[in-house]
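S.K.: The lines below spell out each chain.
2 protein chains.
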Amino acid sequence: MNRDFQHVRHKPPRVLERPRELMVALPPMQSNVNVSRIVRAAGCCGVTHIIACGHPKIDYKIARDGADEVRIEVHRTLPPVLQRLKTEGYCLVGLEQTTGSQLIYEYAFPQRCCLVVGHERHGITDDVLKMLDAVVEIPVYSLPYSHNAATATAIALYEFCRQYPDG
Amino acid sequence: MNRDFQHVRHKPPRVLERPRELMVALPPMQSNVNVSRIVRAAGCCGVTHIIACGHPKIDYKIARDGADEVRIEVHRTLPPVLQRLKTEGYCLVGLEQTTGSQLIYEYAFPQRCCLVVGHERHGITDDVLKMLDAVVEIPVYSLPYSHNAATATAIALYEFCRQYPDG
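Heads up: the sequence lines are chains W and E, in that order.
Counting from 1 along the first sequence, just add 1 to a position and that's the residue number in my numbering.
Counting from 1 along the second sequence, just add 1 to a position and that's the residue number in my numbering.
None of these hints come from the bench; they were simulated from the model.
Hints are supplied without guarantee of correctness; some may be wrong.
No copy is singled out in the list; a pair is fine if it fits within one copy or between any two copies.
Unchecked claim - Pairs of lysine-lysine residues, derived as DSBU-like cross-links and limited to a Cα-Cα distance of at most 35 angstroms, are as follows:
| hint | residue 1 | residue 2 |
| --- | --- | --- |
| 1 | K131 | K12 |
| 2 | K87 | K58 |
| 3 | K12 | K58 |
| 4 | K87 | K62 |
Go ahead and model the full structure; you've got the sequences and the hints to work with.
M.R.: Have a look at this one:
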């Protein structure tokens, strides 16, 4: 087979049939680089709304147009806003290794959900863990045994999009 | 349902039933940060061998133990080594948007394959494109319409691992 692959610089994006009901919630993060990278990945995935805590500074060189595309709602802490999201019907899905966490390979995401990310070093705090409806973990096979927080978030967003390719 | 999720700091990694026959090939990249991030993600995915071109410098603070775990074979350019991999039975799978590229959602990776990544700005060069057996693309839904190169690589590695959870 001799296929002829030619670059396509500006392929049109995939069009969602309905807006994504997927959100991302970030605690106060250690690194604004990671926050900015998550904003870029969220933009690519059609996520339009991120909850961030503390004093996030978005680096436009990293987030690119994601910085304009994604609304970033800033709070002091996560629990009150997560409580509100629960009442709005969002399933709160943590991304973490915990007791009771499910393999992301096998987890069926609810369509309306909020992916709750952990701090780079400290992970998801206990007050947030106890609010979650589910926890998913990305299997790791070898050292360093854990993905960077922004990489893990992008992988989880990808997996959601794979399960809901059209919104 | 009131689940009790408790952090598990050092869960043992998932054990592969056989060594991964997955490799990653990088052209000379613009950013050693991206190369280092790819090394970390590769380590987590159980990939033990990366081809890199040019003068890659691995930042240990980014790659973590991936820097020790993953063998990095350095070449001047990709085509000769890709030709060798072909004769060794590796399927060469590009990660790019091209004519004839397949949605990664639908692509079944061969078990023995080399994921060929593109330069951050210039993508995969034509001399490499014409050697590829397949090209996969990650759908994007909104601005900035493209994932960071290291993020895209981590997503593709994740997808491979999802298809071959045990090696």
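S.K.: For the identical chains here, do K87 and K62 meet the 35 angstroms Cα criterion within one copy, between copies, both, or neither?
M.R.: So K87 and K62 pass the 35 angstroms test inside one copy only (34 angstroms; across, 37 angstroms).
S.K.: 35 angstroms Cα cut-off: does K87 pair with K58 within a copy, between copies, both or neither?
M.R.: within (27 angstroms within a copy, 45 angstroms between copies)
S.K.: At 35 angstroms max between alpha carbons, let me know whether K131 reaches K12 within a copy, between copies, both or neither.
M.R.: between (43 angstroms within a copy, 20 angstroms between copies)
S.K.: Is it within a copy, between copies, both, or neither that the alpha carbon of K12 lies no farther than 35 angstroms from that of K58?
M.R.: both (30 angstroms within a copy, 32 angstroms between copies)
Hint compliance for this structure: no hint is broken.
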